[in-house]
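> Here is what each chain is made of, one letter per residue.
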Amino acid sequence: MERGVVLLDFWPSMFGMRTRIALAEKEIKYEYREEDLRNKSDLLLQMNPVHKKIPVLIHNGKPVCESLNQVQYIDEVWNDRAPLLPANTYKRANARFWADFVDKKIYDLGSKIWRTKGEEQEAAKKEFIDCLKLLEGELGDNHYFGGKDFGYVDVALVPFYCWFYAYEQCGNFSIEAECPKLIAWAKRCMQKESVAKSLADQEKIYEFVLHLKKVFGIE
Amino acid sequence: MAAVKLLGASLSPYSCRIICALKLKGIPYEYIEEDLLNKSPSLLQYNPVHKKIPVLVHGGRPICESAVILRYIDETWPQNPLLPTDPYERAVALFWIKFADDKTSSIAMMYLTTGEVQEKAAKECSEMLETMEEHGLVEGKKFFGGDEINMVDIAFCLVAHWLGVIEEVTGLKPFEPHKFPKLNSWIQNFKSVPVIKESLPGTKTMLAFFKGRREMVLASKSS
Chain A
1474 MERGVVLLDF WPSMFGMRTR IALAEKEIKY EYREEDLRNK SDLLLQMNPV
1524 HKKIPVLIHN GKPVCESLNQ VQYIDEVWND RAPLLPANTY KRANARFWAD
1574 FVDKKIYDLG SKIWRTKGEE QEAAKKEFID CLKLLEGELG DNHYFGGKDF
1624 GYVDVALVPF YCWFYAYEQC GNFSIEAECP KLIAWAKRCM QKESVAKSLA
1674 DQEKIYEFVL HLKKVFGIE
Chain B
133 MAAVKLLGAS LSPYSCRIIC ALKLKGIPYE YIEEDLLNKS PSLLQYNPVH
183 KKIPVLVHGG RPICESAVIL RYIDETWPQN PLLPTDPYER AVALFWIKFA
233 DDKTSSIAMM YLTTGEVQEK AAKECSEMLE TMEEHGLVEG KKFFGGDEIN
283 MVDIAFCLVA HWLGVIEEVT GLKPFEPHKF PKLNSWIQNF KSVPVIKESL
333 PGTKTMLAFF KGRREMVLAS KSS
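Heads up: the protein sequence lines correspond to chains A and B, in order. Just so we're aligned: the first sequence equals residues 1474 to 1692 in this note's numbering. Just so we're aligned: the second sequence equals residues 133 to 355 in this note's numbering.
Looking at chain A on its own, in the form it has when it is part of the complex (with noise of 0.2 angstroms):
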């Protein structure tokens, strides 16, 4: 069995995304392993037999699943630097909650977004800018949803950003016209450097949504 850190993963994955942030900002090294999901490795099949998704991380042999709970797992196996959980309860309970939030609400609405059109598109396109509007209340005046520091809802949040340019894209709107607190608060996660090096560029995330969307027969 393998020692060390293995992420099995998909390079547009937002979820994928969340676990590399996390490991980055405790410069954990690991091995990165790009999945062909319509061919999936033994080991995918093996290391999440319920789900058969990725992210997988793979810690000393052992799979960790969903990329919350790899967040959280990494937060706390290295919980010597740069914490993501706030210390206090109450503040943790929080974080959970609006990180469920995202979890609940973001990905579907963005689907929603360029798998669609007309007014079940418009419909979505309305829930998701009220949904960024709600993060954005909690976000408030604070540098980042963890407060001064990066945290947990940021690294749950901030991978759907390079996915952004393909839901204005395929929905025809500008996020930031509407949201603009929260593109400035992206583009400061950008600044760090775990960010900047896990997401994936939003071009290529546009060119991968339009190519599924020709292979899902979407117009």
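Among the clues, some could well be false.
[Said to hold, decoys possible] Pairs of lysine to aspartate or glutamate residues, derived as EDC-like cross-links and limited to a Cα-Cα distance of at most 16 angstroms, are as follows:
1. A:1525 to B:206
2. B:305 to B:262
3. B:184 to A:1622
4. A:1577 to B:218
5. A:1535 to B:206
6. A:1564 to B:206
[Stated by the list, open to error] Footprint (simulated), chain B over chain A, 3 or more residues, beta carbon under 8 angstroms:
7. 1479-1490
8. 1534-1540
9. 1543-1554
FYI, nobody ran anything at the bench for these hints, they're computed from the structure. Beta carbons: idealized from backbone N, C-alpha and C, even for Gly.
Chain B: place on chain A using the hints.
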């Protein structure tokens, strides 16, 4: 010790999760029953984002989302810990709690829908049970938590107690005891724990309520 209040609904499994945790830790609390068809100003103020129960209020500060509340309770009151201390074992437990959160909604969908949508929900419910049987439960372990119940067992209270009622109300039967021997044992073990027994709502009340809801769903489909 700051006051603890729980805004809940007696027939909600998510509310029940919190009652189980509070009782297991021996935490005194004030319970407030919410009328979900007429939500109180307090609830809307404490949970403006989702407007849902359960909400735990501790020293005047609200915590929302049952999985988040469970972790807050476990971290604030460390007696009778509900999660393993080892980070890897804890990650495994959290995986199953998320699985419970994501998949148990298929049970509600079984009584809230009809036709193809209902069939799909029943199929998803079956798949969830198969996964629990094959990957979640270990032969010889009484509970997900080992010899004692933990947060994972509590998170699956919907499966232990609500599924049977929904099956009776809808006539669908995704859970067959002979097909799921480990799950069947777990359900019996879970419901025998004294704190759990006193936290679960009565089956008669549940049947009456869900039958009524099912009739409303069928009535609205035929109109």
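> For each hint, tell me whether it holds in the structure or not.
Results of checking the hints against the structure:
{"no.": "1", "hint": "A:1525 to B:206", "verdict": "30 angstroms, violated"}
{"no.": "2", "hint": "B:305 to B:262", "verdict": "13 angstroms, holds"}
{"no.": "3", "hint": "B:184 to A:1622", "verdict": "30 angstroms, violated"}
{"no.": "4", "hint": "A:1577 to B:218", "verdict": "28 angstroms, violated"}
{"no.": "5", "hint": "A:1535 to B:206", "verdict": "25 angstroms, violated"}
{"no.": "6", "hint": "A:1564 to B:206", "verdict": "15 angstroms, holds"}
{"no.": "7", "hint": "1479-1490", "verdict": "violated (count 0)"}
{"no.": "8", "hint": "1534-1540", "verdict": "holds (count 4)"}
{"no.": "9", "hint": "1543-1554", "verdict": "holds (count 5)"}
In summary, the structure is inconsistent with hints 1, 3, 4, 5 and 7 from the numbered list given earlier, while agreeing with the others.
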